[in-house]
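Chain by chain, the residues:
Number of protein chains: 2
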Amino acid sequence: MTDAVLDHALGQRDAFLARLSALVAQPSVGADPAYADGMESARRLLESRLADAGFQGLRRLTALDGSGQPAIYAEWLGAEDAPTLIVYGHYDVQPPDPLDLWQSPPFEATVRDGRLYGRGVSDDKGPMLIALEAMIAFLEVEGRLPVNVRLLLEGEEETGSPSLAPILAAHRDLLKADAVLSADGARWRADLTTINVGNRGNGGFEITVRTAAKDLHSGRYGGVVPNALHVLADLVSGLRDAEGRIVVPGFLDGVDEPSDEDRADIAAIPFDEAALLADLQTAPVGEPGFSFLERLWLRPTLEVNGMWGGYTGAGGKTVIPNTAHAKFTMRLVPGQDPDRVRKAVLDHLRASCPPGATLAVSDERGWAGAYAVPQLHPLLSAAEDALEETTGDRPIRVRIGATLPLTELVRTTLGLDTVMFSFSTADEDYHAPNEFLRLSAIDEGLAAWVSLLRKVGRQDPAEYSAFRP
Amino acid sequence: MTDAVLDHALGQRDAFLARLSALVAQPSVGADPAYADGMESARRLLESRLADAGFQGLRRLTALDGSGQPAIYAEWLGAEDAPTLIVYGHYDVQPPDPLDLWQSPPFEATVRDGRLYGRGVSDDKGPMLIALEAMIAFLEVEGRLPVNVRLLLEGEEETGSPSLAPILAAHRDLLKADAVLSADGARWRADLTTINVGNRGNGGFEITVRTAAKDLHSGRYGGVVPNALHVLADLVSGLRDAEGRIVVPGFLDGVDEPSDEDRADIAAIPFDEAALLADLQTAPVGEPGFSFLERLWLRPTLEVNGMWGGYTGAGGKTVIPNTAHAKFTMRLVPGQDPDRVRKAVLDHLRASCPPGATLAVSDERGWAGAYAVPQLHPLLSAAEDALEETTGDRPIRVRIGATLPLTELVRTTLGLDTVMFSFSTADEDYHAPNEFLRLSAIDEGLAAWVSLLRKVGRQDPAEYSAFRP
Numbered sequence: 117m118t119d120a121v122l123d124h125a126l127g128q129r130d131a132f133l134a135r136l137s138a139l140v141a142q143p144s145v146g147a148d149p150a151y152a153d154g155m156e157s158a159r160r161l162l163e164s165r166l167a168d169a170g171f172q173g174l175r176r177l178t179a180l181d182g183s184g185q186p187a188i189y190a191e192w193l194g195a196e197d198a199p200t201l202i203v204y205g206h207y208d209v210q211p212p213d214p215l216d217l218w219q220s221p222p223f224e225a226t227v228r229d230g231r232l233y234g235r236g237v238s239d240d241k242g243p244m245l246i247a248l249e250a251m252i253a254f255l256e257v258e259g260r261l262p263v264n265v266r267l268l269l270e271g272e273e274e275t276g277s278p279s280l281a282p283i284l285a286a287h288r289d290l291l292k293a294d295a296v297l298s299a300d301g302a303r304w305r306a307d308l309t310t311i312n313v314g315n316r317g318n319g320g321f322e323i324t325v326r327t328a329a330k331d332l333h334s335g336r337y338g339g340v341v342p343n344a345l346h347v348l349a350d351l352v353s354g355l356r357d358a359e360g361r362i363v364v365p366g367f368l369d370g371v372d373e374p375s376d377e378d379r380a381d382i383a384a385i386p387f388d389e390a391a392l393l394a395d396l397q398t399a400p401v402g403e404p405g406f407s408f409l410e411r412l413w414l415r416p417t418l419e420v421n422g423m424w425g426g427y428t429g430a431g432g433k434t435v436i437p438n439t440a441h442a443k444f445t446m447r448l449v450p451g452q453d454p455d456r457v458r459k460a461v462l463d464h465l466r467a468s469c470p471p472g473a474t475l476a477v478s479d480e481r482g483w484a485g486a487y488a489v490p491q492l493h494p495l496l497s498a499a500e501d502a503l504e505e506t507t508g509d510r511p512i513r514v515r516i517g518a519t520l521p522l523t524e525l526v527r528t529t530l531g532l533d534t535v536m537f538s539f540s541t542a543d544e545d546y547h548a549p550n551e552f553l554r555l556s557a558i559d560e561g562l563a564a565w566v567s568l569l570r571k572v573g574r575q576d577p578a579e580y581s582a583f584r585p
Numbered sequence: 117m118t119d120a121v122l123d124h125a126l127g128q129r130d131a132f133l134a135r136l137s138a139l140v141a142q143p144s145v146g147a148d149p150a151y152a153d154g155m156e157s158a159r160r161l162l163e164s165r166l167a168d169a170g171f172q173g174l175r176r177l178t179a180l181d182g183s184g185q186p187a188i189y190a191e192w193l194g195a196e197d198a199p200t201l202i203v204y205g206h207y208d209v210q211p212p213d214p215l216d217l218w219q220s221p222p223f224e225a226t227v228r229d230g231r232l233y234g235r236g237v238s239d240d241k242g243p244m245l246i247a248l249e250a251m252i253a254f255l256e257v258e259g260r261l262p263v264n265v266r267l268l269l270e271g272e273e274e275t276g277s278p279s280l281a282p283i284l285a286a287h288r289d290l291l292k293a294d295a296v297l298s299a300d301g302a303r304w305r306a307d308l309t310t311i312n313v314g315n316r317g318n319g320g321f322e323i324t325v326r327t328a329a330k331d332l333h334s335g336r337y338g339g340v341v342p343n344a345l346h347v348l349a350d351l352v353s354g355l356r357d358a359e360g361r362i363v364v365p366g367f368l369d370g371v372d373e374p375s376d377e378d379r380a381d382i383a384a385i386p387f388d389e390a391a392l393l394a395d396l397q398t399a400p401v402g403e404p405g406f407s408f409l410e411r412l413w414l415r416p417t418l419e420v421n422g423m424w425g426g427y428t429g430a431g432g433k434t435v436i437p438n439t440a441h442a443k444f445t446m447r448l449v450p451g452q453d454p455d456r457v458r459k460a461v462l463d464h465l466r467a468s469c470p471p472g473a474t475l476a477v478s479d480e481r482g483w484a485g486a487y488a489v490p491q492l493h494p495l496l497s498a499a500e501d502a503l504e505e506t507t508g509d510r511p512i513r514v515r516i517g518a519t520l521p522l523t524e525l526v527r528t529t530l531g532l533d534t535v536m537f538s539f540s541t542a543d544e545d546y547h548a549p550n551e552f553l554r555l556s557a558i559d560e561g562l563a564a565w566v567s568l569l570r571k572v573g574r575q576d577p578a579e580y581s582a583f584r585p
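If you read the sequences in order, they're chains A and B.
Counting in the working numbering, the first sequence runs from 117 upward without gaps.
Counting in the working numbering, the second sequence runs from 117 upward without gaps.
Bear in mind the hints are in silico, worked out from the structure with no lab data behind them.
Any given hint could be a false lead.
Which copy is meant is left open, because identical chains are indistinguishable; a pair holds if it fits in one copy or across any two.
[Stated by the list, open to error] The calculated lysine-lysine pairs, modelled on BS3-like cross-linking and capped at a C-alpha distance of 30 Å, are:
#1 LYS292 x LYS571
#2 LYS330 x LYS571
#3 LYS330 x LYS433
#4 LYS571 x LYS433
#5 LYS292 x LYS433
Quick caveat, the model's predicted, so the values are computed rather than measured.
From just these sequences and the hints, can you work out the full model?
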């Protein structure tokens, strides 16, 4: 069975690569003001393509105070009686550093061995363009889309989406829809057809332990005054028992043990834990009683990302440091309330601080809850059907250990669920040098998007109502 | 009872201050090659003074390979039948940084409020010059010294005395003596007449914990792979029990519990622990069952001086660090064998390393044992008598929590005991900005040195033999 829209899309592979290369050539690094021109040129390139293709209502969305990088909005709303989807992607990319580790320039898309290399090809310019070009193929061949679409192309995903909540809040009416379809949220593995049905949340802060008015000499005071590094080590060590269980009272409040069915589903997933650990040159750790994938997807973490204090230069210094620092982040799972988790961890750290030591908290970040798509959500079923149709395999439902703030944010702000439908893969070195996108993902992605949009176009918007507040 | 030598010495106070100021003006910072000229000009100034005053055999001592900063040697050996003392001091000083915290230039000796400020005035140029000028007063007034003296003025004390052992070994014959009298080793307090009868030893190393081939993303791997910072925190925390006892097997081997008499002596020392802790804005820690001063003087320490790993910049980074570092030093007490302590700590750390983590050791330093003067040593008695004579108070025997590598080194290399007879005080901010020497220490020191040299001159060298191997 051929599909004229898909044939059209696949027939333009060279044009697709040229468009993606042009987009990669705009260095849209949101974190660094030096790349402001690259952000703007990336926006213009996208806006021009959307306008030419027939999208309407093109505008830039910002928080009410106008701060931050604008999101690009466009819409096509001519599919009467069909559902309305917010299609999400982001045009900003990670910084290219360290530059000397790139084998080809980060902002020149380069094909090698069946892969396209360049900053942003996998996260998220490639997957976003697959979504856009699949829709444009409909407009070019049929003059219409099977569904109503509101595009939301964010410019701050790589800097923690600070404006996303204000943008959603400020444009609630404009963003009326039945669900969100995200072109972001990488596939787990290249060797298995999967679909992401949830992600962990996150949050974090920095602590500073102080034990005396100043650094003290280890000869004159060693053995009689506290050492801020010893206190910090005790605090970090005291977060877990000897077997790796997090022992912070209240940390696990609200977290359900996985059901037998969940466990059986996860156990059925083909996964070579030993090969992964060998590749990483490490041994597994974690909470007893849970499998590797259960720990990764269904259990929260409490991780120290950085720790420092005292003399860290060459040679030695016989100092008893009076100050020590640690940066913590957590990955949260469904059932955990970010505010309560935050309080539980801080209360535990404060209660564990010995006499003579004080603890200050700074630089709080995140506090997004976890997200899981309702198992019977119509967009999820349509996405699974589309993947099965285009790959031949029924996708396995998996989770992401990482965090997509979008998912929980649109749920709490707009009352919408999100299905992740990206065609990048988690091993494609996004956030690192030599980011790449498998060229095979382009055809797979175009086919799956065309198939999915047709399927959603046949759904009744009323099916979606049950999942909205 | 007047003493013509002492009168002469005290009568030259202005000249003394001028000489000390001239010595401070030579910036003899041994750690920094940029100060090589200052090291050389300090040596020349001292050598010229010693030669003019009548010291003989002036030469520079180095290790056999000629490396490092030379020590200045000179002798006066005309006191037939009297004991022979090695008189020790050091002409190198600590770096002056941070320069902007000095209230007057570090290399311009400046009098303010009864104190002389300048780098090295307290450690050790002032105390060394007190010793030298007391001896020179004898030579100027009486044409002779009461004792035989071999001067050993080191140039590497502030950089860890790397050449001291090779110098002692290479010049064993030249350094034949009955005991060592050190012008280094600060007095404990300004408000109490004390004498140091021992010091702790030291040693140290750096460890690097590695848990995986690379840093890993806390979303993709959080909860399933080890975190080098968690491992390091567990290692550091695992060195002590909850009450502060070091639990490393073998660490305390050979350490005697203090005797009831030791404890009574220490308990009798007037010491306001609460005032000290309030001043430091901290609370006491340490091994249960030992008083503050017992812990400081008689119990070993195991201290982390620096610790670092992961992301330590601004903001956050969701990384599971694969590498973490810590610098450790120990203060050792009599009975502990440095080699065995080193092995005990490393064995314990290695045994505590969990699967998936490796531990590498680097940058070993020190490993000097503790030292205690034999309680009945004739030079100690003479020094106590001299202090009692000049201050009116019988000195209280105290210890130094810090380390003077000299003391154990001359004991093991030359078989000699050392009495510390410095007139600096431990609060004089040596190793910090605004180092100072109390002006009152100059007269006290000159009087005590004159008195001590006379007393030793009346001792029989045979009294010393019992204390030599």
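Cross-check of the supplied hints:
For the identical chains of this complex, LYS292 and LYS571 are intra-copy neighbours only, at 20 Å inside a copy versus 99 Å across copies, given an alpha-carbon limit of 30 Å. Proximity of LYS330 and LYS571 under a CA criterion of 30 Å is satisfied in neither setting, with 67 Å inside one chain copy and 43 Å between copies. Both within a single protomer and between protomers do LYS330 and LYS433 lie at most 30 Å apart by alpha-carbon distance, with minima of 15 Å and 29 Å respectively. In this assembly of identical chains, the alpha carbons of LYS571 and LYS433 never lie at most 30 Å apart, being 68 Å within a copy and 39 Å across copies at closest.
For the identical chains of this complex, LYS292 and LYS433 are neighbours neither inside a copy (62 Å) nor across copies (34 Å), given an alpha-carbon limit of 30 Å.
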